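Build out the structure end to end from the sequences listed, making use of the hints.
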Amino acid sequence: MYNDFALVYDALNGDADYDKLFESIHNKLVAHGIKDGALLDAGCGTGELTLRLAKAGYDMTGVDISPEMLSILDSKAREEGISIRLLNVDLAKLRLYGRVKGAVCTFDTLNHLTPASFENAVKRISNALEAGGVFVFDMNTPYKHTHVLADYAFEIDGDGVKCIWENAYNKKLARTRLAITLEYDDGTYAFERFFEYAYTRRHIENICKKYSLTVESVIDGETFGELRKNSRRYCFTAVKNEEIDV
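Take 1 as the starting number for the sequence shown in the numbering used here and just add one per residue.
In short, the hints are calculated from the structure, not lab data.
Quantities reported herein were computed from a predicted structural model and do not represent experimental measurements.
Think of the CB as a built atom: it goes at the ideal place given N, C-alpha and C, for glycine as much as any other residue.
Do not rely on the hints blindly, as some may be mistaken.
Below are the DSSO-like pairs computed for lysine-lysine, each with C-alpha atoms no more than 30 Å apart in a straight line [what the hints assert, rightly or not]:
1. Lys28 with Lys93
2. Lys209 with Lys123
3. Lys172 with Lys209
4. Lys171 with Lys93
5. Lys210 with Lys28
6. Lys35 with Lys55
7. Lys123 with Lys35
8. Lys76 with Lys162
9. Lys28 with Lys209
10. Lys123 with Lys28
11. Lys171 with Lys209
12. Lys123 with Lys172
13. Lys35 with Lys210
14. Lys229 with Lys209
15. Lys35 with Lys93
16. Lys93 with Lys210
17. Lys123 with Lys229
18. Lys123 with Lys55
19. Lys229 with Lys210
20. Lys28 with Lys229
21. Lys35 with Lys76
Have a look at the derived ranges for each label pair, beta carbon to beta carbon [claimed, not checked]:
22. Glu80 with Asp36: 13 to 23 Å
23. Asp19 with Asn230: 23 to 33 Å
24. Phe154 with Lys209: 33 to 43 Å
25. Asp74 with Ile156: 18 to 28 Å
26. Ala150 with Arg228: 10 to 20 Å
27. Ala116 with Glu80: 29 to 39 Å
28. Tyr184 with Phe154: 15 to 25 Å
29. Ala56 with Ala150: 31 to 41 Å
30. Arg201 with Asn27: 18 to 28 Å
Set out below in structure tokens:
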């Protein structure tokens, strides 16, 4: 899963403002007294945010389920002479040796998890945090699923590959199916199929509370301003209450 997708991931996110995202997250970490130390990037992908946080002085661990994503991140880090610890593991099965001061999880990574896996991932990330540690994460809103992602299709041309992306929303399951076809210049094809789940703010906050995380704020994850009814992405800041395994 996500392995061929890794080849076009950066192209698909070409309009993402990583600098603004980094600034918002970095400010939240610093506001909680986390200016350096161990930090986890959960679902790090090809590592654009991971690298920025490493350059800011954090000891980064990047986790992703896709070995291809991690390979791209590893190449970027080597080119820039940056040391990043990489783990190829499902977030629902994450287990770190030692604690981290903070964790980040961006670009709707958690939406890709089933309800059971989502809950397990929050539990595992909470267990990885020190008491007082901060978890900053974003998730696509139900509004985005029903008004933006639903039944949406587009094409994008990358370096030697064309990406055809088609979505289908299942209202009963509150789930969007994402079907990606990659057509390479040599005439070969690759197919990726995965799902995103629409989770409400209340459900997300309840899961956080269950696993000793107190949500301090929720803002718009695209504008980094006040959350609106038509916001397409949440950005949560949660703090670990106690240093216990939950």
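Structure-based check of each hint:
Taking the CA atoms of lysine 28 and lysine 93, the gap is about 27 Å. The hint holds against a cut of 30 Å. A C-alpha spacing of about 10 Å is found between lysine 209 and lysine 123, which places the hinted pair at or below 30 Å, so the restraint holds. For the hint pairing lysine 172 with lysine 209, the CA-to-CA distance comes to about 26 Å; that is within 30 Å, so the pair holds. Proposed proximity of lysine 171 and lysine 93 is supported: the alpha carbons are some 28 Å apart, at most 30 Å.
In summary, the hint linking lysine 210 to lysine 28 is supported, as the alpha carbons are separated by about 23 Å, within the 30 Å threshold. Proposed proximity of lysine 35 and lysine 55 is supported: the alpha carbons are some 12 Å apart, at most 30 Å. With a C-alpha separation of about 24 Å, the suggested pair lysine 123 and lysine 35 falls inside the 30 Å cut-off, and the hint holds. Taking the CA atoms of lysine 76 and lysine 162, the gap is near 23 Å; set against the 30 Å cutoff, the hint holds.
A threshold of 30 Å between alpha carbons decides the hint, and for lysine 28 with lysine 209 the separation of about 20 Å falls inside it, so the pair holds. Simply put, lysine 123 and lysine 28 have alpha-carbon atoms about 21 Å apart, close enough for the 30 Å limit, and the pair holds. Between lysine 171 and lysine 209, the direct Cα distance comes to roughly 27 Å. Compliance with the 30 Å bound is thereby established for this hinted pair. Straight-line distance between C-alpha atoms of lysine 123 and lysine 172 comes to about 26 Å, which keeps the hinted pair within the 30 Å bound.
The straight-line distance between the Cα atoms of lysine 35 and lysine 210 is roughly 28 Å, inside the 30 Å bound, and the hint therefore holds. Using a Cα cut-off of 30 Å, the hinted pair lysine 229 and lysine 209 holds, with the two alpha carbons roughly 23 Å apart. A C-alpha spacing of about 28 Å is found between lysine 35 and lysine 93, which places the hinted pair at or below 30 Å, so the restraint holds. This hinted pair checks out: lysine 93 and lysine 210 have alpha carbons roughly 18 Å apart, not beyond 30 Å.
Distance hint between lysine 123 and lysine 229 is fulfilled; the C-alpha atoms sit about 28 Å from each other, no more than 30 Å. Our distance criterion of 30 Å between C-alpha atoms is met by lysine 123 and lysine 55, whose separation comes to about 28 Å. At most 30 Å may separate the alpha-carbon atoms for a hinted pair to count; lysine 229 and lysine 210 meet this at roughly 26 Å. At roughly 23 Å between alpha-carbon atoms, lysine 28 and lysine 229 fall within 30 Å of each other, so this suggested pair holds.
Taking the CA atoms of lysine 35 and lysine 76, the gap is about 23 Å. The hint holds against a cut of 30 Å. For the hinted restraint 13 to 23 Å between glutamate 80 and aspartate 36, the CB-CB distance of approximately 18 Å keeps it satisfied. Separation of aspartate 19 from asparagine 230 is about 25 Å and conforms to the stated range, judged on CB atoms against 23 to 33 Å. Take phenylalanine 154 and lysine 209: their Cβ atoms lie about 37 Å apart, and the range 33 to 43 Å holds.
Here the CB-CB span from aspartate 74 to isoleucine 156 is close to 25 Å, well matched to the stated 18 to 28 Å. Here the CB-CB span from alanine 150 to arginine 228 is close to 19 Å, well matched to the stated 10 to 20 Å. Taking the beta carbon of each, alanine 116 and glutamate 80 are about 38 Å apart, inside 29 to 39 Å as hinted. A C-beta distance of roughly 18 Å is found between tyrosine 184 and phenylalanine 154, which places it inside the suggested range of 15 to 25 Å.
Between alanine 56 and alanine 150 the beta carbon distance is about 37 Å. The supplied range of 31 to 41 Å therefore holds. Between arginine 201 and asparagine 27 the beta carbons are some 22 Å apart, a value that agrees with the proposed interval 18 to 28 Å.
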